[in-house]
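Those protein sequence lines, which keep their order, are chains A and B. If you use our numbering, the first sequence corresponds to residues 1 to 666, in order. If you use our numbering, the second sequence corresponds to residues 667 to 1051, in order.
Careful: at least some of the hints might be erroneous.
Said to hold, decoys possible - No farther apart than 30 Å at their CA atoms in a straight line, the calculated lysine-lysine pairs in the DSSO-like style are these:
| hint | chain 1 | residue 1 | chain 2 | residue 2 |
| --- | --- | --- | --- | --- |
| 1 | B | LYS726 | A | LYS146 |
| 2 | A | LYS660 | B | LYS726 |
| 3 | A | LYS123 | B | LYS992 |
| 4 | B | LYS799 | A | LYS123 |
| 5 | B | LYS799 | B | LYS945 |
| 6 | B | LYS799 | B | LYS1013 |
| 7 | B | LYS799 | B | LYS905 |
| 8 | A | LYS345 | A | LYS309 |
| 9 | A | LYS105 | B | LYS1013 |
| 10 | B | LYS1013 | A | LYS117 |
| 11 | B | LYS992 | A | LYS148 |
| 12 | B | LYS938 | A | LYS58 |
| 13 | B | LYS726 | A | LYS198 |
Said to hold, decoys possible - Now the in silico label distances, taken between C-beta atoms and shown as ranges:
| hint | chain 1 | residue 1 | chain 2 | residue 2 | range |
| --- | --- | --- | --- | --- | --- |
| 14 | B | PRO730 | A | ARG131 | 34 to 44 Å |
| 15 | B | HIS705 | A | VAL270 | 20 to 30 Å |
| 16 | B | LEU692 | A | ASN430 | 28 to 38 Å |
Hints listed in this document are in silico derivations from the structure and should not be mistaken for laboratory results. Glycine included, every Cβ here is placed at the ideal spot set by N, Cα and C.
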Amino acid sequence: MSEKSNLKLFGKNSFPRRLLRFLGTMELAITLLITLAIASVIGTVLQQNQPYTDYLIKFGPFWFEVFESVGLYDVYSAPWFLLILTLLVVSTAVCVTRHTPSMLKDMRNLRTQVQRKSLATMKHSEQWISRDAPDTLAASFQQQLKLKGFRTRLTDRNGALLVSAMRGGINRLGYILTHVAIVVICVGGLMDGNLPLKMAEWRGQIQIETRDLPLSQIPQESRLAIGKQAFRGSVSIPEGRSSEVVFLPMRDGYLVQALPFRIELEEFRVEHHDNGQPRSFESDLVIHDPELEEPLRHTIAVNHPLIYKGYAIYQASFADGGSALQVEAWPFDHRAGDPVMLDTKVFDSRDMHWGDRQYRLEMTNFRLFNINPDPTDDNPRRMTNSGPSFGFILRSHTGEATEYENYMFPIEREGRMFYLSGVRSSPSENFSYLHLPADAHGGVDSFMEYLARLRDRNLVADIAQLMTRDALADLPEPDANLEESLQQTLITLVGMFVRGGFDEVREFVEISLPEIERQTLAPAYLGMLREMLARIYFAGVDGHELDNTDNQNIFFLQDAVDAIGSLPRYHSPVFLMLHDYEHIQASGLQIARAPGQFIVYFGSVMLVAGLFILFYLPQRRLWIWLDEEGGASRVLLAGMTNRNPRDFDGFFDEIQQLLKPDKQEL
Amino acid sequence: MSETIRQNQTDSQSWLAVGAWWTLLLLATVFILVAYGDHLDVYEVTILFLTGFSMAWLGKVWPPFRWHALAVAILSLLALQRYGGDLSMAQQDFWLNYILASQSAIMWMSAFYLASTVIYFGGLIARSDYTQKLGSRFAWIATTMGMVGLMVRWRESHMMGSDIGYIPVSNLYEVFILFCVITSLIYLFYERRYRTRGLGGFVMLMITAAVMFLLWYAFERNAHEIEPLVPALQSYWMKIHVPTNFIGYGAFAIATMIGVAYLLVSWRAEKKPDSDFVKAMPSLAAMDDLMHKSIALGFAFFTVATILGAFWAAEAWGGYWTWDPKETWSLILWLNYAAWLHMRFTKGWHGRPMAWWAIVGFFIMLFTFLGVNIFLSGLHSYGGL
Ligand code: HEM
Chain A
1 MSEKSNLKLF GKNSFPRRLL RFLGTMELAI TLLITLAIAS VIGTVLQQNQ PYTDYLIKFG
61 PFWFEVFESV GLYDVYSAPW FLLILTLLVV STAVCVTRHT PSMLKDMRNL RTQVQRKSLA
121 TMKHSEQWIS RDAPDTLAAS FQQQLKLKGF RTRLTDRNGA LLVSAMRGGI NRLGYILTHV
181 AIVVICVGGL MDGNLPLKMA EWRGQIQIET RDLPLSQIPQ ESRLAIGKQA FRGSVSIPEG
241 RSSEVVFLPM RDGYLVQALP FRIELEEFRV EHHDNGQPRS FESDLVIHDP ELEEPLRHTI
301 AVNHPLIYKG YAIYQASFAD GGSALQVEAW PFDHRAGDPV MLDTKVFDSR DMHWGDRQYR
361 LEMTNFRLFN INPDPTDDNP RRMTNSGPSF GFILRSHTGE ATEYENYMFP IEREGRMFYL
421 SGVRSSPSEN FSYLHLPADA HGGVDSFMEY LARLRDRNLV ADIAQLMTRD ALADLPEPDA
481 NLEESLQQTL ITLVGMFVRG GFDEVREFVE ISLPEIERQT LAPAYLGMLR EMLARIYFAG
541 VDGHELDNTD NQNIFFLQDA VDAIGSLPRY HSPVFLMLHD YEHIQASGLQ IARAPGQFIV
601 YFGSVMLVAG LFILFYLPQR RLWIWLDEEG GASRVLLAGM TNRNPRDFDG FFDEIQQLLK
661 PDKQEL
Chain B
667 MSETIRQNQT DSQSWLAVGA WWTLLLLATV FILVAYGDHL DVYEVTILFL TGFSMAWLGK
727 VWPPFRWHAL AVAILSLLAL QRYGGDLSMA QQDFWLNYIL ASQSAIMWMS AFYLASTVIY
787 FGGLIARSDY TQKLGSRFAW IATTMGMVGL MVRWRESHMM GSDIGYIPVS NLYEVFILFC
847 VITSLIYLFY ERRYRTRGLG GFVMLMITAA VMFLLWYAFE RNAHEIEPLV PALQSYWMKI
907 HVPTNFIGYG AFAIATMIGV AYLLVSWRAE KKPDSDFVKA MPSLAAMDDL MHKSIALGFA
967 FFTVATILGA FWAAEAWGGY WTWDPKETWS LILWLNYAAW LHMRFTKGWH GRPMAWWAIV
1027 GFFIMLFTFL GVNIFLSGLH SYGGL
């Protein structure tokens, strides 16, 4: 009984045998190659390993779940993908194992057993008579073929002589190398993949952390001990700080991997080209390891990692590391208080009061350089450096957050200088920019003074009166009522403009004027407002009138009016000006351990060697059959190759020329 | 066919010429080592030697290559001499302005490739051997000017500033020139080796398409302007990874156009076997064979390029394989051609299905080369439009 089942298990047509045969078929191999190619497409079309909420928004709750269950967010480690890969490796392994013995034999076999008849019918064969005796000929042919790189053997075939020759036997080795290499590379790659982590997760030994926690609060289940396993993660270290861990991104969260040493960042540098574009990113690292006599100092840069104890440390990115900023806050409404100087840091936040409102100010970023396309150049590729900028978020007491990006220095636009401040209410929007005109001293003082003058009731009333008089001077007799009402209108217009910009003025005109008069009166109202704004501006401070023919003043007024008109959409009660900074950066390091790397590289070299042998060292065989015919010889030359038949045509001709110099055709 | 080989043999047997070629190469290598040795690290010296050996071998098996290389060297040196280290000479000097400055050379390249395409097809229609030979000449001139353009651009980038210089195979504009030059070199090699000019127009048509893109890219997007490299690209790996890649792409592109020619000839032959077109073109069997050869060549070099890319990625990004879209599409392209080769070599498929498949392969290649940069985001986003 047991004998019988054994037979069944290992018999020629038993299931395992059939399975093995199936795995080694060409059909399966080609199917797998194509399937793997198609499967790989998925992960390039759908961005992998993004936050899960992004996918949720993109696909909706139903498809999100479906896609998650088939592993589309991390295709390349999904079980079904690994299964295809494994099948391909198994198939290749079975194929090589099955073919190798015969190929090895074929490499050495000179095929001395061929029959004359089959040689004569080969596609490449040629016959002629030579005057020399067979043995002399055989010796000379062998000699000549050896010079052409052939291995030869002479055999006596029932009185006839047969010279068998072969070149490029190594071609078969090419096949073996190529296919073994595939297996080797995949095994090495598997060692470096995150399969072990996945397994540990399935078994419940580790748990992916998805919250943004300080390191000390990350639970033990999300931490990995120092070990020999492969990993790839990143960590951001501010200048002057150090880290003993690295974070491994996993799906929508991360794990914390401990390191057997501490990495300290002394300094991070960005070197720049003359045009301001970055030339290199460099980090001065100090490795503190109890096993080292003294700390190891090393500078890494992009393309120049540090490899220490099998851990490779790369320069990957950079960010602000908490730069110190000195910022002056200018309230737009002077009644809310004087400008104040704040000493703050990137990532700091604090509560502020302006007027009777409370705000929370969060400093978010500092950039030393801003390299942008130069708007004054027709060529969109020409870049210019706009100098430092900083970013912050202002939260109102209702929790509404607005994001700002302010430049430290005034920037030139059409020959005038402006302080630029970008504003947006959600990160998905582009910044829109407030342009505050800088005065002759490069400050915002003049602008703020002008704004304060517009709020000065007495001043506005005086100027409104003056303007009313000028306007009504031509009337035959003064009309006190008209005068009173016009003056009041002018005051109201200025007040509305300061509060709500041109928008509010237009709205007022819409509502308060009867429809028939709107067409003609609306422009008149705006004209009066502009006249008021100009008169207030040129009235100057403390009676120092400004020259209203000076172009510089005219432009300043125009720019200031534009800026005030857009203030309502700026949403901030203050303007923040950067006075001083101390740049502190953080370097983003990528740290990896890849124990399979050497194996993969070894396999790659095998693959390349195998391919070139396979393609460019074809196996070529020649046979020369010599029959004695009355002291002379009848020569039969035949040949074959295993690839590039067209090249062999010419080669065979060449050999024929070589061996048959006297051209005696049969 | 036997003609060919004998021809090649006499070529390579003229040892005097080969000896002179090798001596020249040796001198050039020594000169570069002496003149620039201080700026080269050990990897770059290795690459220099590798280049020297490849050129020594190419010149031996392929004599016209020697004249091409010599012409490129002389014209490039002339350009450098005219520049004399001053970039503004590009507009002032007659030679630079009209012929040798990289931008001018590349315009000449474009013009000659266009002309070559027209002439090749003209020769095919008129069944004029002489005309086709002229097409081939034009292709050689275009290739020479393209190569001169690249060499001079290399120097120009160094003249822009002490630390800006880089090998011009670093952005989409530059690799398109590289693509044109390499594709036509591979084709010209086959043309001589297999004594057939019938495919010239087809291959040049592909190059013309690349030239059209190049011109659009230069005039619409100012892509020809030299800009400093981002740090990630400052590596000796680029010097070998990119050219190797483009030998692969070039060979695949040729296989594609042979596939197109194959289909046209086979349709025509079905209707009218003795038509002029069929007679003027290489035999179906010859095209089938050449298609296989091109794909094998492409596959071998593409494999090397992908592996070099992985080595580089390990050094720059911290992992030799990260399933970045560009890497993944390279794998897809590679798997596709692996399947093609198995079908052809072990299952013995040939003819029309394989020609169609070679054409499909081209679209996968196009996506790997361009589509990934345009449509997908990833680490390889240097070459965006
Ligand atoms: C990723 C996987 C594989 C790659 C990259 C690969 C690559 C190659 C290449 C490049 C060739 C040479 C083709 C030619 O000369 O035109 C070849 C030949 C061959 N392959 Fe594969 N192969 C793979 C998997 C397989 C598998 C799974 C099998 C088993 C069914 C297989 C069986 C063969 C055979 C029998 C040959 C012919 C060898 C000869 O007679 O010289 N290959 N392979």
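Right, here's what the structure says about each hint:
1. B:LYS726 - A:LYS146: Distance of about 23 Å is within 30 Å: holds.
2. A:LYS660 - B:LYS726: Since the Cα atoms of LYS660 of chain A and LYS726 of chain B sit roughly 27 Å apart, the hinted pair holds (cutoff 30 Å).
3. A:LYS123 - B:LYS992: 46 Å, violated
4. B:LYS799 - A:LYS123: Judged against 30 Å, a Cα distance of about 33 Å means the pair is violated.
5. B:LYS799 - B:LYS945: 17 Å, holds
6. B:LYS799 - B:LYS1013: At roughly 38 Å apart (the allowed maximum being 30 Å), LYS1013 of chain B and LYS799 of chain B break the hint.
7. B:LYS799 - B:LYS905: 34 Å, violated
8. A:LYS345 - A:LYS309: The hint is violated at about 37 Å.
9. A:LYS105 - B:LYS1013: OK: LYS105 of chain A and LYS1013 of chain B at ~23 Å, within 30 Å.
10. B:LYS1013 - A:LYS117: Holds, because 28 Å separates the two Cα atoms, which is no more than 30 Å.
11. B:LYS992 - A:LYS148: With Cα atoms ~44 Å apart, LYS992 of chain B and LYS148 of chain A exceed 30 Å; violated.
12. B:LYS938 - A:LYS58: 56 Å, violated
13. B:LYS726 - A:LYS198: 55 Å, violated
14. B:PRO730 - A:ARG131: 34 to 44 Å: 42 Å, holds
15. B:HIS705 - A:VAL270: 20 to 30 Å: For VAL270 of chain A against HIS705 of chain B, whose Cβ atoms are near 23 Å apart, the range 20 to 30 Å holds.
16. B:LEU692 - A:ASN430: 28 to 38 Å: 59 Å, violated
This entry does not satisfy hints 3, 4, 6, 7, 8, 11, 12, 13, 16, going by the numbered hints stated previously.
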